[in-house]
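Enquirer: Residue numbers (my numbering), protein chains in the order written: chain A, 1 to 366; chain B, 1 to 277; chain C, 1 to 290.
Rather than coming from a laboratory, the hints here were simulated on the basis of the structure.
Incorrect hints may have been included.
Derived lysine-lysine pairs resembling DSSO-like cross-links, with alpha carbons at most 30 Å apart [unchecked claim]:
hint, chain 1, residue 1, chain 2, residue 2
1, C, Lys-238, B, Lys-230
2, B, Lys-56, C, Lys-133
3, C, Lys-181, B, Lys-230
All of these numbers come straight from a predicted model, not from anything done at the bench.
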Amino acid sequence: MENNQDVILELRDIVKGFGGTPVLQGISLCIRRGEFITFLGSSGCGKTTTLRIIAGLETPDSGRVLLGGTDVTDTPPNLRDVNTIFQNYALFPHMNVEQNIGYSLRLRRVAKDEIRRRVEEMLRLVQLEGFGRRMPHELSGGQRQRVAIARAVINNPSVLLLDEPLGALDLQLRRQMQQELKRLQKKLGITFLYITHDQEEAINMSDRIVVMNEGRFEQIGAPAEIYDHPRTSFVARFIGTANLFTGMVEEIRDGVASVRLPSGEVAYAAAPEEGVLPLDREATFCVRGENILTGADKPPFSVSALVAENSYVGGMLRIVFTLPDGREVISSRQGVHAHIRQGEQVSLHWRAQDAVFVDLDQEGAK
Amino acid sequence: MAMAGSGKHRLHLSSLFLALVILFMYLPVVMVVIYSFNNSKSDVVWAGFTLDWYAKLLHNTSLMDALLNSLILAVCSCAVSAVIGTVGAVGIVRCDLRTKGLLENASMLPIMIPEIILGMVFLAFFSLLGLPFGMVTLILAHTTFCIPYIFIVVKGRLSGIDRSIGEAARDLGASEARMFFDITLPLIMPAVASGTLLAFAMSLDDVVISFFVTGAQTNTLPIKIYSQIKLGVSPEINALCTLMLGGTFLLILVSRRIGAVKRTGKRRSAPRGEGDL
Amino acid sequence: MKLSQKRPRRDHTAFFMVLPLYVFTLIFVFFPLLYILGMSFLKKDVLWGVTNELTLDNYRMLFDPVYLKTFFDSLKLAFATTAITTLVGYPFGYFMGKLPPKRRGGLMLLVVVPFWTNALVRIYGWMIILRTKGVLNGLLLGLGVIDRPVKILYTYGAVLIGMVYSLLPFMILPVYSSVEKMDWSLVEASRDLGANAAEAFFTVTLKLTLPGVLSGFVLVFVPSIGLFFLSDLLGGGKIMLVGNLIKNQLLEARNWPFGAALSVVMMAMTLLIIGLYRKVTHSKDLEGFF
C-alpha cells in the first residue's frame, strides 16, 4: 500500500486468537509519523490486543508488524522502539518517581549525570518538579499518570502506545489530561497510538480514528469524517446519536435517493459518491439526532411521529419521538424549544445531505 | 440504650471466650517454662528456683548435636526449596503448559497428604534407591515438603501483582532476566521471606517424616526430644524448649518490627488486584 | 515471509523456570507414590522387603477385624477432634474477625506463636499437666473436687485433648480468614429485611463462612488420622491409630507391602476429602491456608 517514508508503523493482516476464540480477524493499517491515531471500540473488541501485539507483549498468529519499515513481528518488546502507557500505569511500586522514570536509561547504561539531567527535564515536562523522591503510592492518580507518561517518553520512542490511560481518572481530570496529552504530543512530535472506549475522547484528541468491532476495523478516518459519514450502522450507533432508517430505494436522481419506509412514507437521503446503491433493494441510512428537523405541518419527504419524551440533558434538549411502527427517533438540539410538547403529533424531516447510507457493499470502500 | 448494653455484654462474653481459648493454648507452654526453672529432677513437685538445667544443657553434647543437625537440615532444605519454589512459582504463573494444573496439584501433595504417608513413602523409596539414611535423605525429604510452603506463598503474592508491571519493564527495554531481578524478585521478596520462614519452622518442627528417613547416627532435635520424652525426661529438655520458645518469640517480634517499619514506610507497596489486561 | 512463531519467546524462559520444580516433583513425589502403589500389590518377603509376586492379600488384610477396629478408632478420633475443634474454633475465629483490626493482629500473633514452637514441646507440657501426680490432679485435689488422683494421661481423653490442642489453629485460621473477608453489609441487609440475629447468622453469616469451616474440616481431619506420636506420648501406646499401625508395620513387623496398602487407602481417603471440598466450595485452594 503506502510505502513512503511517512509510514512509521504498519500492520499487515494481523490474526490473533486466544484458545480458539478469534480476537483479531486480519487487520491491516498504516500509521503516519507524528500522527495521533485512536483505536475506538467497546471492551473485548480487540483494541488492547492490537496494542499488545505492537508492543511485542503478544505474538500474532499470523501477519506482520513493521516498525519504521523493519519487520519486528518476532522482536521481543525490550528491543522495540515503542513504549507503552499501561491502563493502570504499571509504575514500579518499589522504585521512587526518579527511579521509575530513569529505569529505561539505566538499562541502557546511560551515565548517571545524564540520567539525572534527563529525568529532571522529564519531571519539568510533566509538571512534577520536586516529586522525584516520592514513591508511587504517595501520588494521586493524576500524578501517577504523569509519571507513567514521563517514563514512557524519556527514550523518545518512535511510537507511544496509550492503553486507556485516562480511564481511571474522574471526568474533570480526564478533560484536563486530554488537553495535556495533546499538547505533549505536538511538542514531542511522537506518534501516539491511543486506545479508548470513550467516543468523545477519541473525537477531541485524534487526527484519525479507527473504529473497531469484533476484531475488525469498521472504519478508519478523521473524526469529522467518521461522524458525518459513518460507513456502517455500528459506527453510526457507536459515535453520537444516530437514527437508522431502513427502506426500499425507489429512485436516485441528482445525487438524492428516495426511500420508501415501512410506514409507506417516502424519505430522502444523499446517494453515496462511492459504493453501490442498488435500486429496488432495502438499504439503511443514518440521520444524526441534531439534524432531525420538526414541523407541525407535513411537507413531502417527511415522517410523522409522536413526541414521546422531552428532557434536558447537559444543556441540550433531548426529544424522543415514536414512529407509527413503534420505533424511536432521538433528536438532540441546542436551545429551548418550548413549542414541542409531549404527546404532540409532528412530522420529522431532514436535509438530504444529512442522511447517509450505511452498510453498503464494501467494494469501493477502500 | 438497651441495645448498646446488650452489645457490650456480648463483647464481654466473647472476650472471655477468646481469653479462655488462648489460655488453653498457652497452658502447656507455660508449664514447660516453669519447670525449666524447677530445682528438682522430677517435674512433679516444685522444689525452688534454679538455673542449673540451663548450665547442664550446654554440656549435653548429644542434645546440642541434635540441635545443630536440625539447624543444618532446616537451612539446607530451605535454601534449596526457596530457589526451586520461588523460581517455579514465577514460571508457573507465566507459562501455559498443558500439564500445569497437574504439576501444581502434584507439587502440593507433600503438604496435603498426612505426614506419615510421606514418611513411609520416603522410607521405601530411599531404600529402593539404596541411599544411606542420614543427613542426605533428611535434606531430600525436608526439601520435598518445604517447597510447597514457599511455592504457595510466593504464588499467592504473584497473583496479587499487576502483570503489566513486569510488562512495563520489558516495554522499557529490560530483558527477561533483568525483569526478574529488577522487578519480580523485589516485589515477591516479602513472600519469599515469609514462605521460607514458614518452611524453616516446619522443618525445625518435623518429627514424623524425619522419624522415617533419619539414620541411626543422625538425630534431629525433635527426634531427640521425642525419644527423651518417651524414656522419661531430663529437665534439660525443658530448658532447651524454653530457650527455643524465647528464640521464636524474638524472631517473630523482630520480623514484625521490620514488617511494621516497611509497612509504614511504604503503605500498600503494590497495587493489588487493580485488574489486568 | 515466514509465518510467525506460535509461541512467544517468554514461554521458553517460563518453561525453564518451572523445570526444576517439575523434575523434583516427578522424582520425589510422583515416582515414590507410584512405587508405594505398586508395592501394595506385592507379596511380602520372608524377612523384609518384597518379592515379585503380585497379590491382593495386603488389601484383604485390611478387613481383618483387628485392623478394621484400628481404622474405626482412628476415624472416630478424627471425627471427635474435628467436631470439638469446630465447636471451639468457629466461635473463636468469628469473634476474632469481629474485633477491631488493631486487636485482631495481636490476637493473631498469640494464636500463631505456639504454632511456631515445637509441637513435641507443647505435647510434653500437656504431659506435665495431665499426669497422675501432675498439675491438673494437684489442682483438683486441692480444690477438693476429687479425693484421689484420677488417671488422665495415657487415656483416650488425653489423646483427644492433644489432638484438639494441636489442630485447633487449623480450624481457627480458615474461619477467621473467611469471617474477615465477609461483607457485613449482607448481614445488615438481612437484618433490615426482618431477620432476627439468629436467623441472620444461620442464613447469611454461616453460609458465607462455610468455605472457611469446610477448609478447617479438611485441615483438621486429614492430619488427625496420622499423628502417631500424639497417641504414642499421650496415649501411652495403648491407643492404636492408623498412623501407629503404619509405623509398626514398617519399623517393627517389617511388613512393607501391608504398610504400603494402608498408606494407599489413607491417601485415597485424603484425596477424596480434598476432592469433595473442592467440589462443594468450587475453589481450588483451601480457604485461609496461608
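Enquirer: For each hint, tell me whether it holds in the structure or not.
Expert: Okay, the hints, checked on the actual structure:
{"no.": "1", "hint": "Lys-238(C) - Lys-230(B)", "in the structure": "14 Å, holds"}
{"no.": "2", "hint": "Lys-56(B) - Lys-133(C)", "in the structure": "26 Å, holds"}
{"no.": "3", "hint": "Lys-181(C) - Lys-230(B)", "in the structure": "43 Å, violated"}
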